[in-house]
Amino acid sequence: MASIDEDSVVTLDNVTRTFKVAERTVGFGDTVRGFFHRKYTQIPAISNVAFTACSGEILGVLGPNGSGKTTTLKCISGLLTPTSGKVDVMGFTPHERDPEFLRRIGFIMGQRSQLHPDVSVFDSLQLRKVIYSLSDDDYQASLNELTELLGLAEFGDAPVRQLSLGQRMRCEFAAALLHRPSLVLLDEPTIGLDFDAQASIRRFVEGYVRAHHATVLLTSHYLADIEALAGRVIVMAKGHIAFTGSLAELRHMDGGHQLITIQYTEVRPDFSQFSWEDKVTEPKPGEIHLEVLRDEAPHILAQVGALSGVSALSLSDPPLETALSQIYATVSSEADAEQIP
Amino acid sequence: MIAAVRKYGAWVRLEGTAVAAYRVQLFLSLFGWVVPLAFMALWNTAASNSGVMTSGQSTAYYIVLLVATNFGISGDIIFSFGPMVYSGELSTLLMMPYSSVLVILARPVVTAVIRSLPLVVIIPLMAIAMNASFTRDPLVIAAAVGLGLLGWISTVAFSWLYALAALWVGKWNGIMGLLSGVQWVLGGLVAPSAFMPTWLAWCMRLSPFWLAEGGMGELLAGVMALQWWMPVSAVGWIVVLGLLFRLAWPRAMRRFEAVGI
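Chains as they are written, first to last, in this note's numbering: chain A, 5 to 345; chain B, 38 to 298.
Hints are computed from structural coordinates only; laboratory data are not their basis.
These numbers come from a predicted model, not from an experiment.
Beta carbons are placed, not taken as given, at the ideal position from N, Cα and C, and that holds for glycine.
Hints are supplied without guarantee of correctness; some may be wrong.
As the list claims (entries may be wrong) - Cβ-to-Cβ under 7 angstroms is the rule here; a few derived chain B residues that face chain A:
#, residue
1, A58
2, G125
3, M133
Taking the hints into account, I'd like the entire structure generated from these sequences.
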């Protein structure tokens, strides 16, 4: 159970959300029978999810498709009412949709636009000025800041439907942050963007949090987003929270391994004298990988460094994907085991 | 209150900007008068032989229906809400710190105003050319307009309630089309209630659609006298539908699964 402390902006306490889904059958006969005698199944999208996010924090939410990341954000935004459990956001119950609560949050959905497609971005922003009751001074200051940071000037007077994906995403950020919300929910904000656009969005989010001390909850399939921005991560799988902690702790989930990369020029070094020889792999010619326990790494590095033929040597943490894959596999096998009667 | 009106004005202005940006769509929307005109042509012929109403009264009746059906937004509500749910647009509207119910009505209101623009020309031409015969009793005129407004509010509430079915029913298009057909009959577009069998005439007269459309037409054309049950029915519908909507909206929002995003 998540405790509510004074600094927490978002608190989820054993939140579960299920969806009632009609069972669909295959074939005409079964479909007709299903018309008269329909069966429903309760599908839990998230189960007993509990965590807190504090003021000024960027919290990354990771997980494969269907793990419950977006459902969690929708419960926090108030779009979805939890089936059970409690969501507290800045003292508000989100699904009651108090206007004051809505004034204090911004929600960016990478796959859904909140801008009117047929009018210019500046027209949409002007509407938001009125809806969010911004004074002329506040609106102008916020608009100037966003125009500069997001480069809106070059396409702000074009209809949204004519913009490229990268341009549209920048406009989505402007629309969602014009009223300077203290909680920002980012659901796949960089999906489909090229490398440069991703990097510029990351820089913008970082700058916004620093300038306004906002809390950000970020879901992304791009680990680079999470690594660049999030101080803490939640890993979700099959609707459950499988891990909460720092990125460093997540990397060490696989038992604290590190990767030694050895490069050689002409003759492959001879590892036969070492007990770890069978762990050596050669993913491409001239480059050897060796995954070792963190404690053993300095000793092995010294052993490799003394060998002849080694041209370069480096030590790195294994990619996050390794730890994540391990977590997903564990949760999936546990969930499968639960389903077996 | 002023702030709320200002916000709604901003919404309507934005929707108006969007409609004005597309000339073909705007042009086509100006032909909302064709269907009432076709029914008028039919009933003008029948009216002169029936003894129920004169040809001038029939013209007056359909002139009122032209205005009422073009300003009516129930069809726009029932056909726009489903796509809003399934496209995810409703989710973005619900995130606004403003009445979601009113925001969703902004587009139908703009559409109704725009398609009513040609009536400024068409109605005087019809009235003069076809010798429309309206009542001149100021009390009846005031009562008809008042009842029409109450009926309009009732039909909006009714359509809203009906449109919420899109949150429960997967294939919503069919049932939305059903209401549209029922409205043509009950509202009095297909024929004035005076031409209908007694049971159907009373089904029409006790429906909110008739109050908003045909009822106003029959009163202003002098086909029917003002009667006590008309304001009772109008107020009754508003109270009942208002209460039902207050009960249904929170349930609909709990039912909302925010699909599409």
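Quick rundown of the hints versus the structure:
no., hint, verdict
1, A58, "holds (5 angstroms)"
2, G125, "holds (5 angstroms)"
3, M133, "holds (6 angstroms)"
In terms of the numbered hints stated before, the structure departs from none.
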